[in-house]
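Assemble chains W and R onto chain D, guided by the hints.
Chain residues, written in single-letter form:
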Amino acid sequence: MNFRSTVSGLSAALAAVVIASGSAQAQKQYDTGATDTGIKIGNIMPYSGPASAYGVIGKIEAAYFAMINEQGGINGRKIEFISYDDGYSPPKAVEQARKLVESDEVLLVFSPLGTPSNSAIQKYMNAKKVPQLFVATGATKFGEAKTFPWTMGWQPPYQSEGKIYAKYLLANKPDAKVAIMYQNDDFGKDLLKGFHDGLGEKGSIIVAEDSYEVAEPSIDSHIVKLKASGADTFVSITTPKFAAQAIKKVAELGWKPTYFQSNVGASVGSVMKPAGFENGQDVMSASYAKDGADPQWDNDEGMKKFYAFLAKYAPDANRTDASVVYGYGEAQTVAQVLKQAGDTLTRENIMKQAANLKDFVPDTLLPGVKINTSPTDFYPIEQLQMIRFKGEKWEPFGPIISGEVRD
Amino acid sequence: MELFVNQVLAGIATGAIYACMALAVVMIYQAIDHLNFAQGEMAMFSTFIAWQLIQWGVPYWIAFVLTLAISFAGGIIIERLLFKPLAHAPILTHVAGFIALFAIINSVAGLTWDFTIKQFPSPFGSRPFLGSQLISTHQAGMIGVTLVLLLMLYGFFRFTRIGLAMRAAASLPESARLVGINVGWMIALGWGMASAIGAIAGMLIAPVVFLEPNMMGGILLYGFASAVLGGLSSPFGAVIGGFLVGIFENLVGTYIPGVGNELKLPIALALIVTVLVVKPNGLFGRTVVQRV
Amino acid sequence: MSTIQETVAPAAAARVTIRRSVSTIAQIVVLLLLLATPLFVKNFVIFQLTMWLVYAIAIMALNLLTGGSGQFSLGQSAFYALGAYTSAILMEHADVNYVLTLPASALVCFVAGVLFGLPALRLSGVYLALATFALATAMPQLLKLGVFESWTGGVQGLVVTKPDAPFHLPISQDMWLYYFTLLVTLLIYAASVNLLNSRTGRAMMAIRDNEIAASALGVNLPLYKTLAFGISAAFTGIAGALGAIVVQFVAPDGYTIQLAIAIFLGMVVGGVGWLPGSLAGSAFIVFVPNVAENISKGLSGAVFGALLIVVIFVVPHGARQVALYGEALAKKFLKNN
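Chains as they are written, first to last, in this note's numbering: chain D, 2 to 408; chain W, 42 to 333; chain R, 16 to 352.
Isolated chain D, as found in the complex (with noise of 0.2 Å):
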């Protein structure tokens, strides 16, 4: 910690020479963290603990950021990332936020994982004026560009999904008798509310709700009762171990509802073929990005990229886990945000062109599926698309929907 700082002291003193010396770099600014050399992006994860799975997303992030600096970097400065484990506790990730802001001085925080972990820094990171750039949740309230100006979102608002289904549901069937099985925690209680908000007047649908925790080994009995409440709908708010344990428990019961899969929980490798594909058949979500499990991207462009980058960067990561396609999918966007700051890497300017996306599509995302930000839109991506399983794959199917959270 001497030694780095020593380093970077000395970076600084030379910095104010060369700027002494008035050699025409007078249009660079520089916040700390930033370097004619580098920057610093800082980066929590679970790598261990009860959340654990998600710990791949930092490590696929990081492959990522070791592409760009052998490729150059980004304007000829290497990206220094540096991820710190919180174990998806919230105390620990405070201490790790600090750790990174005030010893390692990173120009930026991006990534953190969690609706926990983003809570709990946020405060911290605002007073900072530190970005807290596309937080690794869907939680609605990381979008706030108002209240808390220095953090931002990045997948689709939990909110919206819920709303999509409503919508879908009002749309299709609308006598429908709804039974709903979610997470008892915010991912859950936030889709949970936008489904409720998009039936509006029509909430009287819904026969039966339950609720299960993280903790429990088996949620057959969640399942049991929700069927016999009579509901010919099945809502399965839920992260992928129990989205396929509840499909499969569906099929074993004999129930035939209209089937909708929370996204979280709808990734081919690890929810559709452990739960059984010929259990899957029907079961409906929606989606923003393609599924590294499915062979139908495997002449596409982006794809064709996403593979030749896990190859070579990361051959150990599993292309069928979505959390590995989700990293990629934000470190890209990362990496266009630094790009367009240019020469001016300030905090300040970081959230202008975070928020000064147009019409961005990286590799990982649907076709038409695209990324917009505004001073006043904090949420970059905002279409989903319905999809339905079918043999081994998603089928997309209808129009790319826009679920605003603010309609």
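Read the hints as simulated data drawn from the structure, not as lab findings.
Note that the coordinates shown come from a computational prediction; the quantities given were computed from them, not determined experimentally.
Backbone N, C-alpha and C define an ideal beta-carbon position, used for all residues, glycine too.
Take every hint as true, because none was put in to throw you off.
Each computed EDC-like pair below joins lysine to aspartate or glutamate, with the alpha-carbon atoms no more than 16 Å apart: (1) K57/R - E106/D; (2) K130/D - E106/D; (3) K124/D - E107/R; (4) K353/D - D32/D; (5) K194/D - E164/R.
Beyond 10 Å from chain W on every Cβ pair, some chain D residues (computed): (6) G74; (7) P175; (8) K257; (9) P397; (10) G399.
Frame of chain D; chains W and R shown alone:
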């Protein structure tokens, strides 16, 4: 009424998971007179070994037997390397050792096999059992295996010399030593057997809950609860405890209005604690008389 | 008999004085270090040190329970959470000054501890371990409960405002909180030492050493055992409240069984029943995970486990053993001079 029957059946099916794990808990308790907090992780690791063998093309039953052998040896090795040197350390230090073991196994499994869930095959298939969609052939098979294991354990502890010696070594090590029992090796053997039973439990549970490094987190708590409810000294009690907890929990979640669903685990645990307050040694445990 | 005592007494007295002086010197050195360190380090390190003290209080509280009365708890995270939420709710919903929330948290947790201690009276060993383990598992679910959501913020948790230094002291919020926490830590330490030396403390320790014998000697078992639970819970609650103020956030996910396990590990590493060891134990659970992460990101859990095993192999009795070695060395040194 139909819902009630369904929930009881579903509870029995889930209870089989707990019963299986509870047997492993009782086994280790008989050997070391304590609970092993890393037992769930050991079972998970064994299951991954089986999964890896099957991936390599080994037929299920050969993989099953190989996994049992590896787990048995693994249990003994862990005892010899880790806990034998700590034999004279305070019991709380042992608990810290269990926690260290837990962290190591979980982390190594995560790095080796990553955290995405894996499908684990069942030798019994997953068709409806006897026409009931609530219990699949796998779950019926699991109950069957649990009962067979129970009988074997019962016989082992009751009628074989080595089983009796093991019980003696755990409950009264000093006296056991005086009558010529090699207490050290009895403990190691207990570790090996507990590890093997844990492997069976893991391989039976994985087809239901899917295989991943954190799969045993919740299950171990239920396994402890079941074993304690039934009485830690009684394999029979542990199995009954497992089924009771499974049924209990489902009925609480279904019939207690308002908070029942959100709090089914806390309520089930509170009921267990209440039972313990009334019967401190569990439903089927022996009463231990303490002397000064 | 009396002659022997007389001849032995002077030597023993000398030993006691040496021992006292060694431990007094050690205590003064530690105190000075605690007072001075924040002046020379970054705010981030001050924050880490504050968390270190907070966990040290929690470990000390468990030490009182386990080391004092021999009862074992894996459920301390529940009381920690209760203290944290009490403080956060009072501060955010009722605008109570943060200093005043500490006694309130202590009181709430004391009552909760006694209530939990009552059924726990009938349980011991693994049964008590399971009951407390169950409490720790149940707590996050209780905090999420819809009924309390308007108070607790449900799954979203509550954001807490960080207090400024009083009297316009020209020090940062972090530094102020550090000294405030240090003061509370010292007060709790003094209270704990006094408690263990009092009649109550001796009664508790008698229970720890042999319950049946203690009962035969007329110690009121139910009273002292529940009292031990209550006091331990109260101190843990204060730690939780301080933790909430320092971290500025409470949420159910912050108080899982992992926290209870960490507190337990801290006690073992520090040495069961030895209060100053709580500082060493706390250092272990706060800093060693970071060390492990630096060694290997993918295997941080395994590295942490391995380091823990090394510690319990080298010193099965925790930091207490190290202190005893140190004392022996110091004594030798003093004698030779």
